[in-house]
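K.L.:
The lines below spell out each chain.
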Amino acid sequence: MKVSLFITCLVDQLCPNVGISTVEVLRRVGCEVVFDERQTCCGQPAFNTGYRKEAQKFAKRFIEIFEESDADAIVSPSGSCAAMVKHFHELFPEDETWRHRAENTAAKTHELGAFLVNVLKIEDVGASSSGRITWHDACHGLRDLGIRDEPRRLLKNVKGVEFVELANADVCCGFGGTFSVKYPEISAGILDNKIEAIENADVRAVISCDSSCLMQIGGRLSRLNSKVRTMHLAEILAAQE
Amino acid sequence: MEHLTAETFDQNARRALSDPVLHGALRHLADNFAERRKVAMGSVDDWEGLREKARAIKQETLLHLDKYLLQFVEKAEKAGVKFHWARDGREACQIVLDLVNERGAKIVVKSKSMATEEIHLNDALEENGIEPVETDLGEWIIQLAGETPSHIVVPAIHKTKAQIADLFVEKVGIDKTGDVDVLTKTARRILRKRFAEAQVGISGVNFGVAETGTILILENEGNIRLTTGLPKTHIAVMGIEKIIPKFADLDVFLKLLPRSGTGQRLTAYQSFITGVKKNADDEGPNEIHIVLMDNGRSRMLAHPVTRQSLACIRCGACLNACPVYQQIGGHAYGSVYPGPIGAVITPQLVGLSKAKQLPYASSLCGACREVCPVKIDIPELLLHLRAEITDGTAGGAAANPERKRKFAESLAFRMYGFAWSGQLSYGLGIKAARIMQKLIVRDGKIGKASGFLAKLLPPLGAWTAWRDAPAVAPKSFREEWRKTLRSNGGN
Amino acid sequence: MAETSSTISATQNGSAREAILASIRRSLATSEPFDAAWSEHHGHAAISAPVVDPVFSRDKLIENFRNNLELLGAQFALVSSETAASEHVNAVIDKLGAKRIAISDSALVKRLVDESAIEFVENAPASFLFDCDLGVTSAQWAIAETGTLVLESEKESHRLTSLIPPVHLCVLTASNVRQTMGEILELAGKDLSKTMTFITGASRTSDIELTLAIGVHGPGELHVIVIADQ
Chain A
1 MKVSLFITCL VDQLCPNVGI STVEVLRRVG CEVVFDERQT CCGQPAFNTG
51 YRKEAQKFAK RFIEIFEESD ADAIVSPSGS CAAMVKHFHE LFPEDETWRH
101 RAENTAAKTH ELGAFLVNVL KIEDVGASSS GRITWHDACH GLRDLGIRDE
151 PRRLLKNVKG VEFVELANAD VCCGFGGTFS VKYPEISAGI LDNKIEAIEN
201 ADVRAVISCD SSCLMQIGGR LSRLNSKVRT MHLAEILAAQ E
Chain B
1 MEHLTAETFD QNARRALSDP VLHGALRHLA DNFAERRKVA MGSVDDWEGL
51 REKARAIKQE TLLHLDKYLL QFVEKAEKAG VKFHWARDGR EACQIVLDLV
101 NERGAKIVVK SKSMATEEIH LNDALEENGI EPVETDLGEW IIQLAGETPS
151 HIVVPAIHKT KAQIADLFVE KVGIDKTGDV DVLTKTARRI LRKRFAEAQV
201 GISGVNFGVA ETGTILILEN EGNIRLTTGL PKTHIAVMGI EKIIPKFADL
251 DVFLKLLPRS GTGQRLTAYQ SFITGVKKNA DDEGPNEIHI VLMDNGRSRM
301 LAHPVTRQSL ACIRCGACLN ACPVYQQIGG HAYGSVYPGP IGAVITPQLV
351 GLSKAKQLPY ASSLCGACRE VCPVKIDIPE LLLHLRAEIT DGTAGGAAAN
401 PERKRKFAES LAFRMYGFAW SGQLSYGLGI KAARIMQKLI VRDGKIGKAS
451 GFLAKLLPPL GAWTAWRDAP AVAPKSFREE WRKTLRSNGG N
Chain C
1 MAETSSTISA TQNGSAREAI LASIRRSLAT SEPFDAAWSE HHGHAAISAP
51 VVDPVFSRDK LIENFRNNLE LLGAQFALVS SETAASEHVN AVIDKLGAKR
101 IAISDSALVK RLVDESAIEF VENAPASFLF DCDLGVTSAQ WAIAETGTLV
151 LESEKESHRL TSLIPPVHLC VLTASNVRQT MGEILELAGK DLSKTMTFIT
201 GASRTSDIEL TLAIGVHGPG ELHVIVIADQ
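Protein sequence lines correspond, in order, to chains A, B and C.
So in our numbering, spot 93 of the first sequence is number 93, and the numbers just go up one at a time.
So in our numbering, spot 38 of the second sequence is number 38, and the numbers just go up one at a time.
So in our numbering, spot 14 of the third sequence is number 14, and the numbers just go up one at a time.
It should be emphasised that the hints constitute simulated quantities derived from the structure, not laboratory data.
Certain hints may be false.
Quick list of in silico lysine to any residue cross-link-like pairs, SDA-like style, CA-CA up to 20 angstroms [what the hints assert, rightly or not]:
#	chain 1	residue 1	chain 2	residue 2
1	B	K448	A	D192
2	B	K161	C	G215
3	B	K278	C	E70
4	B	K67	C	A29
5	B	K455	B	A433
6	B	K161	C	T211
7	B	K483	A	E32
8	A	K60	B	G422
9	B	K78	B	N279
10	C	K155	B	A280
11	C	K95	C	S127
12	A	K60	B	K67
13	B	K445	A	N17
14	B	K445	A	S226
15	A	K86	C	H41
16	B	K193	C	T211
17	B	K38	A	D170
18	B	K75	C	K190
19	B	K78	C	D191
20	C	K155	B	V276
21	B	K375	A	D170
22	B	K445	A	V181
23	B	K277	C	K190
24	B	K67	C	H41
25	B	K278	C	T211
26	B	K448	A	S222
Hey, can you work out the whole structure from these sequences and the hints?
P.N.:
See the structure below:
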């Protein structure tokens, strides 16, 4: 299975380790991994803030680049970015050709955990770690892509960890893109409910498939000098401690 | 009545966030709702199938709204109902005023109707010397308090029992009590006197059935049965979107609405009213008037995305599921329609320029879409409105001729669009950021931005007020790929 | 809002109607080019096969009805004859200590109440109803799956008698109980009364801190007697 990586600008620039882990996991389960360096951003920030002209530019670039690939699948370590690709067709309301190109690209695009479980039919990637861990359901992954069981199955197969279910795991962390800086007080209020649940869960790490959620949650845990760390799904699946 | 407006949303929200009593009340609502909803959904087969049926019925109706409206009017007129068409809220208020004045009524009893809240009917009546008496307990409480509802279904949810008890002491003259039964029985006693005096009853409408000309109104308290059954004249204010095609369709909505709204299988009472009584000495009003109101609704039909707004059955489930609503409550939205549905219909009803913050006051989490019984894709609607506010590119009747992109934000997004649509400029931009951040990165992260920096880069200030920010990594993924990962492919 | 002495004329009403209809039609035409593409991505989860309601025996129906009524806190009695029903009515009246009792114009109800013992007022005006202790009516149908009573205004005058007194006592025959709401909507829909009322339990509210309070504007107590048919 040949996979073309859609690494996302956030991972590329702020958490490259997530990308490195993604490559490691995919190779470990036998995929050939390629990375087209021309990729930049899926345009989600522009789309979400209402700048559709800019978002359309990003979408077209993405579609053109990935159309050229002979890979079987486009895999991303981000639920929200993979979901954005599914929304590309909305940027071409009056252009049927581009709409179909967008839909075709979307059909090949998967979030990492969903790809492993639903496409490769693999639930044990040979990972091992330690301690109590829990999962935060990132909203786009959960509600746009229907990802709920897959990461839990993968995490339960990580040797040496104790997986606990987070209370209100499926409630938003409060990030919401520019929402987090346009309405920072509301964002912080929502975030604090999530932090409370994490503290009550008594875990050493909270895992998710969206680096933006992890930045939101991790940023607050760090400010509170908490011992709990955030980890991306790819990172714990790559772990072989 | 002095009301908060949507234009000061950010201030409203900040004030709400610093109210611990409100916070407690909202927390209680969220917890309670989640539990009740689970139970309610479990009590019916094929919840998802029902939602899809409801969505399809609403979609079909809205696509042929003129036809179904006319069918409804024809059937109901045959049964003796008088119809009045109102293009906007002012016209609707005028119609109601005229009807009340023509009958010489000085007191009207009202049951809970969001449509009448929308048009500020009570204000119009009071300004013209008529006393409207709210009879729904929650609505009566906020009427006593001089407030607007903060929730579509439980209007006084922002008030604690203690606050309500104090209100009763002040306005009604009973001793302070924490006993909800005593408070309720007090309301019953006082309001029954008003029911006995009123010549006119004003209600809303939950559903209007085109096939039979029937209006259906749901409730738990009994005040709707009294309002529509006791006074000689019944006036119903009805948004034009309340139509459904067939009588049998009510089965679907009667399964969805109570469960979504209050977690009940069925509310205590449903009144199916099909016209005026046959004989003068039968029970019931002598006349029924329905005010069919547009007030911005027909415009929402102009695009498939905005058309969804009209499918709303006012259950309030989206409010209960919304993490933003849970933080700030209903009043902060500055509209009688708060929460997720409020964020999308308020700008369309009052004009985008008067409510342009509301579509942005969401993290787009999608919990609302998940709980909506008629499957309105609220995040899609929010994004559509954001595009309208920013760009006017989404198309359709939400087109806002007064749009103005905020200059700095617009510049930032255009630069991002320009710089990041090319591989080279993307790389250069990041290298520049890596150099500049050395000024503020400590221990691999960025702490709270200083006052000066926060002013210079407001997003950084806003983020770091509560959260540390990650630094741009010393080596990006693509650099790592080029140097190591690419050649370590070995399969 | 300026005070005005003019009322809205028929002409104005007519032009409002035309303006609204025109606006609807114009909007739908504007939407049309985008509708197909949008529909492709929305809804259309295969609409599930119509739910086939299981068929219940008469006894099972009554049992379902009883269970759901009692879940709502209503009092239920199943009797085998009108005589027994009458006794039960008297028992309820005694227990309540009811003195002023309103009844509807139902022939069944009139057969059941003992007018020699207490004064019953039939089709009482609201002024009487506001002061009375008990309202007795029958119901035309009942819905077992929800514990709902169905009242049709053309068949009986019970709208206010079932609403204003603090206690409602309702009698019906077992043959009028159906399992589902859908069945009732179909039956009633064939010959719709001017007002059809569904009653499911006592009047209630959760408007104060979401705490349940019973008996707001309607009756706080509901008694149902089902007479099994021979």
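K.L.:
Hints the structure violates: just list their numbers, smallest first.
P.N.:
Numbers 3, 11, 12, 16, 24, 25, in rising order.
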